[in-house]
Amino acid sequence: MRGLFKAHFPLDDTAWIETLFTRVSALFEGKHASYQACDTVYHDFQHTCEVSVALVRLIDGSLRDPNPWSLRAADFRHAVTAALFHDIGYLKERGDGEGTGAKFTSIHVARGAQMAGPLLKEMNLDDEGIESVQRMIQWTAVNVDFAALPYRDLIERYFGGALGTADLLGQMAAPSYPQRLHGLFDEFFEAARHNGTKPMFPTLGDLFRGSRGFYIHYAMPVLENAYRGVFHDYVNHFPDEQNQYILRTEANLEEIDRLAREMMLAAT
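In my numbering, the protein residues as written are 14 to 281.
None of these hints come from the bench; they were simulated from the model. Don't take every hint at face value.
Once the Cα atoms are required to be at most 20 angstroms apart in a straight line, the calculated EDC-like pairs of lysine to aspartate or glutamate come out as [to be verified]:
(1) LYS105 with GLU135
(2) LYS105 with GLU42
(3) LYS211 with GLU200
(4) LYS134 with GLU144
(5) LYS211 with ASP199
(6) LYS44 with ASP57
(7) LYS134 with GLU31
(8) LYS134 with ASP88
(9) LYS19 with ASP88
(10) LYS44 with GLU31
(11) LYS44 with GLU106
(12) LYS105 with ASP57
(13) LYS19 with GLU31
(14) LYS44 with GLU135
(15) LYS44 with ASP109
(16) LYS105 with ASP199
(17) LYS105 with ASP52
Using C-beta positions, here's what the derived DEER-type ranges look like [to be verified]:
(18) GLY130 with ILE168: 18 to 24 angstroms
(19) ALA161 with GLN192: 33 to 39 angstroms
(20) PHE251 with THR210: 36 to 42 angstroms
(21) LYS211 with GLY16: 45 to 51 angstroms
(22) ARG165 with GLY242: 29 to 35 angstroms
(23) HIS230 with ASP199: 19 to 25 angstroms
(24) GLU268 with PRO81: 31 to 37 angstroms
(25) GLN59 with PHE251: 18 to 24 angstroms
(26) ASP78 with GLY130: 31 to 37 angstroms
Here the structure is a predicted model, which means the values were calculated and not measured. Glycine is no exception: its CB is placed at the ideal position from the N, C-alpha and C atoms.
Could you build all of it, start to finish, from the sequences and the hints given here?
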């Protein structure tokens, strides 16, 4: 991450990156006075890091485009901050002994954006930066009216779409994604129980069988339309000019389909 930042902003210091990662890591480990350690098995610090790396690679690809965005170092910093903070809405407050942070699934984006304000104040980010981060976080929401989401200008809208893209593809392309779906199922199930609603996927097998449909019917339309196709810029990042995030996601879906078939056979 430091190398990619320095490649595009050679005159800017990179110390903020390590400081930011250290502070957010401590937050997830429960070292903040107001919040417990992260106890969600899927939306954890590993997921946060995967999304952050995916975002920086995408920004790099966008900046390598023949007609790149005119981005400031501060914009880059705010976007990385938003990536690292995008799922803090799953963290429970001190004294909350009910279940895990998965109970916040339906509100974690709005909750996290609100929580980010005072936390970023503690990190001495200025008000403009805090508000930018809070707006970007909202672009990681699912099943929302994207046309109603806030942004300061077209640059910030790009970053919102880039963060949303990194959130979707960063997890779906991760090598451990098929195995980690068990944890995602547990989170969905707890959230439904907490809200008194029916689970989106009643069984683990339903989640596995529904993964390809989610990708085709939700993720890809959102990537192309709401996020304005910025995922295509990944080809500029990778030396082979292949969109490795799409290729790895499709490979994971093949593995998930295989596991789903095994589950069905085992159930007969």
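Right, here's what the structure says about each hint:
{"no.": "1", "hint": "LYS105 with GLU135", "verdict": "19 angstroms, holds"}
{"no.": "2", "hint": "LYS105 with GLU42", "verdict": "12 angstroms, holds"}
{"no.": "3", "hint": "LYS211 with GLU200", "verdict": "13 angstroms, holds"}
{"no.": "4", "hint": "LYS134 with GLU144", "verdict": "11 angstroms, holds"}
{"no.": "5", "hint": "LYS211 with ASP199", "verdict": "13 angstroms, holds"}
{"no.": "6", "hint": "LYS44 with ASP57", "verdict": "15 angstroms, holds"}
{"no.": "7", "hint": "LYS134 with GLU31", "verdict": "18 angstroms, holds"}
{"no.": "8", "hint": "LYS134 with ASP88", "verdict": "17 angstroms, holds"}
{"no.": "9", "hint": "LYS19 with ASP88", "verdict": "14 angstroms, holds"}
{"no.": "10", "hint": "LYS44 with GLU31", "verdict": "17 angstroms, holds"}
{"no.": "11", "hint": "LYS44 with GLU106", "verdict": "12 angstroms, holds"}
{"no.": "12", "hint": "LYS105 with ASP57", "verdict": "13 angstroms, holds"}
{"no.": "13", "hint": "LYS19 with GLU31", "verdict": "14 angstroms, holds"}
{"no.": "14", "hint": "LYS44 with GLU135", "verdict": "14 angstroms, holds"}
{"no.": "15", "hint": "LYS44 with ASP109", "verdict": "16 angstroms, holds"}
{"no.": "16", "hint": "LYS105 with ASP199", "verdict": "17 angstroms, holds"}
{"no.": "17", "hint": "LYS105 with ASP52", "verdict": "8 angstroms, holds"}
{"no.": "18", "hint": "GLY130 with ILE168: 18 to 24 angstroms", "verdict": "21 angstroms, holds"}
{"no.": "19", "hint": "ALA161 with GLN192: 33 to 39 angstroms", "verdict": "36 angstroms, holds"}
{"no.": "20", "hint": "PHE251 with THR210: 36 to 42 angstroms", "verdict": "41 angstroms, holds"}
{"no.": "21", "hint": "LYS211 with GLY16: 45 to 51 angstroms", "verdict": "47 angstroms, holds"}
{"no.": "22", "hint": "ARG165 with GLY242: 29 to 35 angstroms", "verdict": "21 angstroms, violated"}
{"no.": "23", "hint": "HIS230 with ASP199: 19 to 25 angstroms", "verdict": "24 angstroms, holds"}
{"no.": "24", "hint": "GLU268 with PRO81: 31 to 37 angstroms", "verdict": "35 angstroms, holds"}
{"no.": "25", "hint": "GLN59 with PHE251: 18 to 24 angstroms", "verdict": "22 angstroms, holds"}
{"no.": "26", "hint": "ASP78 with GLY130: 31 to 37 angstroms", "verdict": "33 angstroms, holds"}
The structure fails to meet hint 22 from the earlier list, while all remaining hints are met.
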